[in-house]
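Chemist: Go ahead and model the full structure; you've got the sequences and the hints to work with.
Each protein sequence line maps, in turn, to chains A, B, C and D.
For the first sequence, counting from 1, position 219 maps to 219 in my numbering; every step adds exactly one.
For the second sequence, counting from 1, position 79 maps to 79 in my numbering; every step adds exactly one.
For the third sequence, counting from 1, position 53 maps to 53 in my numbering; every step adds exactly one.
For the fourth sequence, counting from 1, position 74 maps to 74 in my numbering; every step adds exactly one.
These aren't lab readings, by the way, just hints derived from the structure by calculation.
Just so you know, not all the hints are guaranteed correct.
Copies of one chain are not kept apart here, so a pair can be met inside one copy or by any two copies together.
Here are the simulated lysine to any residue pairs, SDA-like style, with alpha carbons at most 20 Å apart [claimed, not checked]: (1) K327 x N188; (2) K331 x R308; (3) K327 x G359; (4) K327 x E58; (5) K331 x D285; (6) K331 x R365; (7) K327 x Q42; (8) K327 x R206; (9) K327 x L117; (10) K327 x L187; (11) K331 x Y311; (12) K327 x E118; (13) K331 x T111; (14) K331 x P284; (15) K327 x G412; (16) K331 x H310; (17) K331 x G204; (18) K331 x R206; (19) K331 x Q29; (20) K327 x E396; (21) K327 x D12; (22) K327 x D285; (23) K327 x T415.
Number of protein chains: 4
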Amino acid sequence: MCGIFGVRGHPDAAAVTQLGLYSLQHRGQESAGIAALDVAGQPHAVKRMGLVSEGLLEDEAELLRGGALAIGHTRYSTAGSSTLENAQPVLARSRGGHIALAHNGNLTNATELRFELEEAGAIFQSTMDSEAIVHRIARSNARTPEARVAEALQGVEGAYCLLIVIGETLVAARDPRGWRPLVMGDLNGAVVFASESCALDIVGARYVRDVEPGEVVAVDAEGVRSAFPLPRLESRKCVFEHVYFARPDSRIFGGSVDRARRALGRQLARECPAPGADLVFSVPDSSNSAALGYAEEAGISYELALIRNHYVGRTFIQPSQGDRDSKVRVKYNAVREVLEGRSVVMVDDSIVRGTTTRGLVAMVRAAGAREVHMRVSSAPITGPCYYGIDTPNREELIAANLSLEEIAREIGVDTLGYLSLDGMLASVPTGPEGFCHACFSGDYPTPPPTDPDKLRFGCGC
Amino acid sequence: MCGIFGVRGHPDAAAVTQLGLYSLQHRGQESAGIAALDVAGQPHAVKRMGLVSEGLLEDEAELLRGGALAIGHTRYSTAGSSTLENAQPVLARSRGGHIALAHNGNLTNATELRFELEEAGAIFQSTMDSEAIVHRIARSNARTPEARVAEALQGVEGAYCLLIVIGETLVAARDPRGWRPLVMGDLNGAVVFASESCALDIVGARYVRDVEPGEVVAVDAEGVRSAFPLPRLESRKCVFEHVYFARPDSRIFGGSVDRARRALGRQLARECPAPGADLVFSVPDSSNSAALGYAEEAGISYELALIRNHYVGRTFIQPSQGDRDSKVRVKYNAVREVLEGRSVVMVDDSIVRGTTTRGLVAMVRAAGAREVHMRVSSAPITGPCYYGIDTPNREELIAANLSLEEIAREIGVDTLGYLSLDGMLASVPTGPEGFCHACFSGDYPTPPPTDPDKLRFGCGC
Amino acid sequence: MCGIFGVRGHPDAAAVTQLGLYSLQHRGQESAGIAALDVAGQPHAVKRMGLVSEGLLEDEAELLRGGALAIGHTRYSTAGSSTLENAQPVLARSRGGHIALAHNGNLTNATELRFELEEAGAIFQSTMDSEAIVHRIARSNARTPEARVAEALQGVEGAYCLLIVIGETLVAARDPRGWRPLVMGDLNGAVVFASESCALDIVGARYVRDVEPGEVVAVDAEGVRSAFPLPRLESRKCVFEHVYFARPDSRIFGGSVDRARRALGRQLARECPAPGADLVFSVPDSSNSAALGYAEEAGISYELALIRNHYVGRTFIQPSQGDRDSKVRVKYNAVREVLEGRSVVMVDDSIVRGTTTRGLVAMVRAAGAREVHMRVSSAPITGPCYYGIDTPNREELIAANLSLEEIAREIGVDTLGYLSLDGMLASVPTGPEGFCHACFSGDYPTPPPTDPDKLRFGCGC
Amino acid sequence: MCGIFGVRGHPDAAAVTQLGLYSLQHRGQESAGIAALDVAGQPHAVKRMGLVSEGLLEDEAELLRGGALAIGHTRYSTAGSSTLENAQPVLARSRGGHIALAHNGNLTNATELRFELEEAGAIFQSTMDSEAIVHRIARSNARTPEARVAEALQGVEGAYCLLIVIGETLVAARDPRGWRPLVMGDLNGAVVFASESCALDIVGARYVRDVEPGEVVAVDAEGVRSAFPLPRLESRKCVFEHVYFARPDSRIFGGSVDRARRALGRQLARECPAPGADLVFSVPDSSNSAALGYAEEAGISYELALIRNHYVGRTFIQPSQGDRDSKVRVKYNAVREVLEGRSVVMVDDSIVRGTTTRGLVAMVRAAGAREVHMRVSSAPITGPCYYGIDTPNREELIAANLSLEEIAREIGVDTLGYLSLDGMLASVPTGPEGFCHACFSGDYPTPPPTDPDKLRFGCGC
Ligand SMILES: Nc1ncnc2c1ncn2[C@@H]1O[C@H](COP(=O)(O)OP(=O)(O)O)[C@@H](O)[C@H]1O
Ligand SMILES: Nc1ncnc2c1ncn2[C@@H]1O[C@H](COP(=O)(O)OP(=O)(O)O)[C@@H](O)[C@H]1O
Ligand SMILES: Nc1ncnc2c1ncn2[C@@H]1O[C@H](COP(=O)(O)OP(=O)(O)O)[C@@H](O)[C@H]1O
Ligand SMILES: Nc1ncnc2c1ncn2[C@@H]1O[C@H](COP(=O)(O)OP(=O)(O)O)[C@@H](O)[C@H]1O
Ligand code: SF4
Ligand code: SF4
Ligand code: SF4
Ligand code: SF4
Ligand SMILES: [Mg+2]
Ligand SMILES: [Mg+2]
Ligand SMILES: [Mg+2]
Ligand SMILES: [Mg+2]
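Modeler: Structure (C-alpha cells):
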C-alpha cells in the first residue's frame, strides 16, 4: 500500500509534504519520496528507502525548498521489488515538459497496458504499473494537463488515486470505482490532497471534501477545476480501509474511521457475544476502537491487557532462537494482573495468516487467562486483493483453507467469532452499498489481472 | 533515567541482554550499551548513541556472543553530557581484574565521593557519578566480589540499582531506600536481573522476586548468595515510577503498574469528579490505564479521542514554522468525531512544564470539544528529583510557580483537578508508606546534593 | 568522464565487474553501478553515489552474484546533474526484454535525438543522453541484439563506447570516430570489455585487442560476432587520454600510455629545453612519466620534489581560511631539501584553469626554489571538449584568454613552455594522424552540439 | 604506530589540529581523535574509528571550535585492541583539573607501571599503556604542569612522544632515547608540535626545531619553557622512520627523509650492484626515493614499472577467489611495455613477511621481465619492535627464519640483496651513531617487555 500527499500554493511545499507524509507513514514504510518544483520551476525528486523521517529532505533541502508545488509518496511493497527504482514519485521529462506522479492503488490491466506501450516502443525503468500511466500522459496530445490525464486514463483499469505534476499544474485523479481514499483540504489558500485526512490535520489544513470516484481535479494559478471524464461506475470503496488500514483519526470515504471501527465492534458484540466473559481487550493499536465498541455493546469491561512496544519497527532485533512465540514477544507483552484467572474476549480487526494471533493467544494464556474468546471485527479473509493491499496468496490465508473450528483449534482459542459480511458492510459509514469486499466475499468487481502474482510487473502500490 | 539488565548462566548472554534492553528502551533512549564476557572469559563492551535496536550488537557480535555473562544499560540524560564517554556499562580493569558496571539512579554525595577519590589520585574519564563506584570497588580489599561491592557502597548516598560484573561473578545491588526498582528472574536456570519485569517477559524469563532495598546479591558458578550489608533505612520507592515512568505491563516494587494506574485513575475520579462530562479520554499511551480507571469509577464512557503517531521519536521532522501548536501535532492528533460538541475529561498522568498540555488542549478544542476538564492522576510536581528522574529545575515546573487557577488558565481548560498527595500514595500497591514523593511534597529524604544542577558531574542517570 | 566494464561467461560476473571498476575509478568518482543477470537470467542493477569500494555490491550481493553476465560504470559529472538518477548502467524493460546500458562518451546531437523521441511519445527519467540510446534500441525491430544496436546507432552522433546487455547477449559498440578507448580481453574463456587495459590486468584477464572504431561486437552462448554496421569515418581518438586521462599502466588505442607520456616528455625537452636548470620534477602522479622523459632527454636529474597525500579524495577537509594557497597544501607538499636554492623544471601534463599550478609554484618557491621553469607536456587548452571530457567553458580556460607571457606571470614562473600541437601528436603511439585535438587546436570534428552548455540534458559522460 | 599533533595560541586550534592530523594519516589509519578546550576553557574530546577525514570534527564542530588549545592523534593498532576505547587522546579529570594526552610510542615497563597503579587502587578503562601516564600525572603533587609531567615520567621506560593538556598549558615530552620524532613549529605566534614536519607544512607553520630526547616543553600564556628533567641516555632514534615510516617530505631527527632514502638507495647500489640490469624501478610510493638513488648511483635508468592504485585503502574489495596473487593486483599493476624482455632491479624499502613481495615479483614476471633482481634499502628485519612499530612476531618475519638464498627462492627472484646494517646506519642523516636498529641487529637498548606479545595491555601507539 501507499500514501500520497500533494500541495500547491504554499511557500514551502516540500516541507509541508514531508510533514504530511509523516502522518501517512502507516500506509507504507519501505520507501518515501518527494518531487517538487524549485523556485525556478524546475522539478527535482528525492527518494529514499526507509521512513520519511530518516532524513528524506535533509541533503537536498536546498534544492527542493522554497517551491510552491510538491507531491510525495510513502510505499510498502512486496520483498521482490524492494528497490529504489520502485520508489515514487516517478519523475520524467517528455515532449510536454516534466511529469511527476505518485500513485496509490493497483492497476488490473497493467500487463496489457505495458504490452501495448512496449509494442509502441516504450521502455520501463521500474516494475511499477504506475510508470505506464506516466507514459500514457506523455503520449497524450490533449491541450490541458487535466485533459492529458483524462485521455491517459481511458482504458486504464483497476485502483488508483493519483497526484500528478504537469508543468505548474497539480492534478489529482481517482478511479471510477473509488477503491482508495483521497481527500482535499485548504491550507491558508493552498490546495492540499492526501490519502487520509490525518495528513491534513498534521499540516494544519482544513478538510474541504473528498475527491470523488472518477473525478479529475486540476489546480493551477487560475484556481481549481473539476471534471468527471471517466465512465461512471458503481463505487467500490475498500471496506478494509475502515477495518484496518486507515488511521482511526482519519476521515475517509466521507466517514470517520474511529466511528466505523466502533460500529464494527458493537455489531461484532451483537453477532458473536461472549456470555460469561470477564473482560474485553484489544490487540493494540489497530483494534482499540473495535474492542471498545464490543465492550460497550456487550456491557463487559474494557481492559488494557496487551502492551505494544513503542519502538516496534525501529528495530531488527531477532529474539533468541528455539522459541516459537518469541517473535510476538518483541512487539507485544501481556499484563498478567489483568488476565490471570479470567475468561477474556480478545478483539482483533482481522486475521490474515494466523501466526501472530496464535502467538498472542499463547502469550495471553501464559499470563493466566482461563478462557480465550477470539472476536474478529471483520469477515474471514478468503482471497487476495487486486486493488492495492498486499494480502498474501490464497494458500497462506488461514480462512481460505480452514473451517471456523479448525482455525479456532489452530490459533488455540476456546471460541472464535468473525463478523458477518453483511454486518461488516452495514457498520461502515455510508455502507452497506458501494464498498468493495472482494477479499472477504470473492465478489471481485473486475476480472483477475492477467498476471495476478505481480511477479513480473509489481504493483503501483 | 536508565534501564539496566543482566544475565548469568545463559549460553548467549549478550543476545539475551540486547533483547531485554529493547523492552527497557522507554527508560532511556540516548545511548545503549552491553558489557559481556566472551567464551574465554575476557570482558568486552559495546556502546552506541541512540536506540538499542540500531545495530548495537551487529558489528561486535562475534566478540560478545557465546559468553554466559552480560549486563546492559539504556541511558537518557540531559543534553550537556550527551556523549559516548557517558554511555554505560563502564568497563575497567583493576588490581582485582575487570569490573563492569551499569547504574540506574543518582548519587546525592557524588561531589564528595569524587573529591575524595581525586584527592587519592583517581582520574575520571566521564562525568557520571557511577564511575566513582567503580573506583571504590577497585580499591576495596575485601575478598569476595560481593564483599568488595558492599565495602565500596559504604558511604555512597542516594539512589542506585547496580549490576556489576567482577571476574565471573554477577553482583546486583539496590540502595537502602530502594528508590529504583530491580527485579530478579529465572530463564531456564540462568539468573536474570532487570529494572522492570517487562524485560523478564520479553526474554521469556520467570519473575522470581524483587531485589530488596539494601540487598546485595551475588551470582556465580556456585549459585546465588544474598546479603544486606548496608545500613537499614526506611524505604523510599519512587512513586513516580508507578505514576508515569515504568511500563504498565511491568511489575515493580511488588505490584502491577497497570493496577497502580487504574487505582490512581479511580481515586482521581473520586477526588475530582467531572459531573456533566460526556466522555473521558487519555493522553496516550502513558495515561491510558488511569483514564480507564477514571471512566470506570465516574461511570462516564471511555473514548479514544487522541491518536499517538506510531513513528514518534524515529523522526527529527520539524513542523513548518509560524505555528505555535504544530509541535504537538507531530506526535498527536485529535478525533473530531469523538470530540465535537462534547464536554470532555482529559486525563494525563502528570504535568511538568505544561507546554504539551496547552498544545493538546488547543487541539482538542479545535476538534470541537465544548468543555475541557483536565484531570491529572498525580499530585502537582513542585520540586526537582535528586534520585534519578530528569525533571527540570523548579523555575520550569508550572505547578511550582502558579496556583491551580493560574495553571488552568495557562493551559486553557475549563476545570483542572490534580490527585491529592494522600490519594496518590494510597492508590499505589503497598502504599501509602515507604514511597518517595519529594518532588510532589518537598519532603526530601536526603539533603540536596552539593551540586544539584548536575552541571559539573552529571548523573549516573 | 566515465569508465565502463563488462564480462560474459564468468561464474561470478558481478564480482569481477566490481573489481574491474575499481581500477577504472580514476575515470569517474561520482557514482558507480553494476547491472547483472542473476542465476535465473533476471536483470538487476545496483547504483550508488561515491566510490566503487564504498559497499557497492555489499547489500545486494545475494541478488547479483552468481550470474554470468554483468556490466558496470563509474561516472564523473558536473555538479548540476549529480544525482542517483543519472548513475549508470541504465536498466530498462522493453518489448524485446530487458536492456542494460553503460556509456562512456558524449553525444553531440543529444538534443535532436531527445526531441525526436519525445515527439514520438518517449519519456526520459534522467538527464543523460545515454537514455536516448536505450530508447532507440527498444524501438528497433531488428532481429538480433547486435542488429538492434546497429539500427539504434544510425544517426547517433558524437562519442560513445557502449556496453549493452540485451537478453543474454553482451554487445559492445564504439563510435566511428573512436574518441574513447575500449579494449577486449579474455578471462579463462569469459569475454571481457573495459575502457582501459588496466581493468583487464586487475581481474587477471589477457588483453586480446581493441574494439575498433565503428565496430559492434556481440557475445552470446554461440561465441563472439563482430560487425561494422556504421558509416566509416576517419578516426579521432582523444589525444588527451594519452596526455592525462588514462592510467599509465594502461594500453589504449593500441599503445602504452606510459610510453606515450615518456615520449611527450622527451619531445617537450627537445622543444622547450631549460638550460641551466638543476633538476626536473613532476606534479605527481599524472605527470610522472612525462617528467621522467623530460629529465632523460634533457640530461637533467629527475627528483621527487612534490609529495601527493595518499588520502586525497577521501577527505572533505577544508584548510583554515584566510590562506590563498592552503587548498593546494591539502593535496601536495614540497620537499625543501630537494628544492632549496635550485633552479627547477616543473613538469605537468596540462594546465586547465591555472589555479592549482599557481598554488604549486608558490609552494615550490616557498620551499626555496631559486628559479621555476614550468613545462607542460601538452599544447595549450583553448576550447571545451564536446566528446566526453569535462573541461570547463572557454572563459575559465587560462590558455584561451591569456598569452604565454601573461600565463607565465599569472602562475608565477620564470619561464613557461608548452608542447607544440605537432610535437604532441607526433609523440603518441600511432600518431600524428587519427587523433582528436579539438580542445587544443579548435579543429572540432563535428559541429558544436545544439546545447553545448549541457545544462538541459547533461551528458552521457 | 601513531601520529600526534598539538597547537596552542591559535584562534581555531581544533581545526588546525584536524588539518595537521590529515598529513599524519600514514602514521595511523585505525582511529583519530582531537581533544580541545572550548572558548570557556572546558575540555572536550572527539574520537572516531577510521580516517581523520571521515567527519571527525563535523558533528561536534560547535563544541570544539574557537578554542586556542588542541591536541590530536591518529592511531594504528593490532586487530585485537581495535576499539574506540583505545582511541586517543585520553581525556580525564583529576584533582588538578583536566588532563588530555596523546602518545606516540610504546612503553617497555607498561606491565609493571600498571601493576603498581592497580595496587594503588587505580582503574584502567582502556588497554593502552598511555593511560598509565595519565594516572601518574594525576597523582603527582608537583606544582607546575611540566613538573607534574616530569615527575610522572620518572620510572617510565620505553618510547614516548607525548602531547599533554593540563589546564591551559600544553606540554610536549620526548623520552631520553628519542625513539620517535617530534618537531616544534610556529604558526603566526602559535606554538605547534607534530610527529613529522609535513604536518607543520600543511598548516602553514614554520619549522623551529626538534623537541630533544629527554626534553619537556611547556607552553602557556607566559610563553615557552624547556627542561631536561629525565636521566640523560644515549639517543636511539628509530632508523626505520627514515627507512619506511615517515613521509619523504618530512624532516625528522634533524634530517630530510627524502635525502635519507636517496642515500640508502645509493649505498644499496654500491653494496649490491646489479650489473647487466636494464632498468631500476620502485615499489611505489614508499621506495621511490631509494629506487631513484639506486638508479643514479648505478647509472641504470629509472622507470615507473609499477602503478599504485590511488584508491587503495578506501576499499574493502576482495579479489575473486582461487587466485593466489590477486590481492597484490588490487593495489598494484605492472607496466608491460616497461618490463617486457628486460632484466630489472626492483627496489623496496624493506621486506617483512614476504608475501606482498612474492606477489609483486610474480606480477613483474607475468608482465614479461626476463630477470628480477630484488634490492632492499634496509637490512633484513630479524626481530620485533618493542618501541612502537607494529612488526609481527619473529615467526612471521621471513628474514628471521630463512637464509638469503631461501628468501630469494621463496619470493621468486633471480638475485636478492639487502643493505648492510652499517651501510644503512651510515646513510641516514646524523648517523651512524645514536640510532636504534634493534629489529635489524638484535641489539635491543632495553630488556624485552614483560608482556611482549602486547596481548594483555596493548600498546600506547
Ligand atoms: N495510534 C494509533 N491508534 C490506533 N490505531 C492506530 C494507531 N496508529 C496506527 N493505527 C492503526 O494501526 C494500523 C497499523 O499501524 P502500524 O503503525 O503499522 O502498526 P502495526 O505494527 O500494528 O501494524 C494502521 O493502519 C491504523 O489503522
Ligand atoms: N504501549 C504502552 N502502553 C501504555 N503505556 C506505555 C506504553 N509504552 C510505554 N508506556 C508508558 O509511557 C511512558 C512513556 O513512554 P514513551 O514510549 O517514552 O512515550 P512518550 O513519548 O509518551 O513519553 C513509559 O514510561 C510508560 O509508562
Ligand atoms: N598511480 C599512478 N601513477 C601515475 N599516474 C596515475 C596513477 N594513478 C592515476 N594516474 C593518472 O593520474 C590521473 C588522475 O588520477 P587521480 O587519481 O584522479 O588523481 P588526481 O587527484 O591527481 O587527479 C589519472 O587519470 C591517471 O592518468
Ligand atoms: N606520496 C608519497 N610518496 C612517497 N612516499 C610516500 C608517500 N606517501 C606516503 N609515503 C611513504 O609510504 C609509507 C606508507 O604509506 P601509505 O600511504 O600507508 O602506503 P602503503 O599503502 O604503501 O603502506 C609512508 O609511511 C611513507 O613513508
Ligand atoms: S479486495 Fe479487500 S482489501 Fe482489496 S479493495 Fe476489496 S475490500 Fe479492500
Ligand atoms: S523526587 Fe519524585 S521522581 Fe524523584 S524519586 Fe522521589 S517521587 Fe520519584
Ligand atoms: S576535444 Fe580534447 S579532450 Fe575532447 S576528445 Fe578531443 S582531444 Fe580529447
Ligand atoms: S626496533 Fe626497529 S622499528 Fe623498533 S625502534 Fe628500533 S629500529 Fe625502529
Ligand atoms: Mg493490528
Ligand atoms: Mg504521556
Ligand atoms: Mg595531475
Ligand atoms: Mg611500500
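Chemist: For each hint given before, does the structure comply? Return the numbers of the non-compliant ones in rising order.
Modeler: Violated: hints 7, 9, 12, 13, 23.
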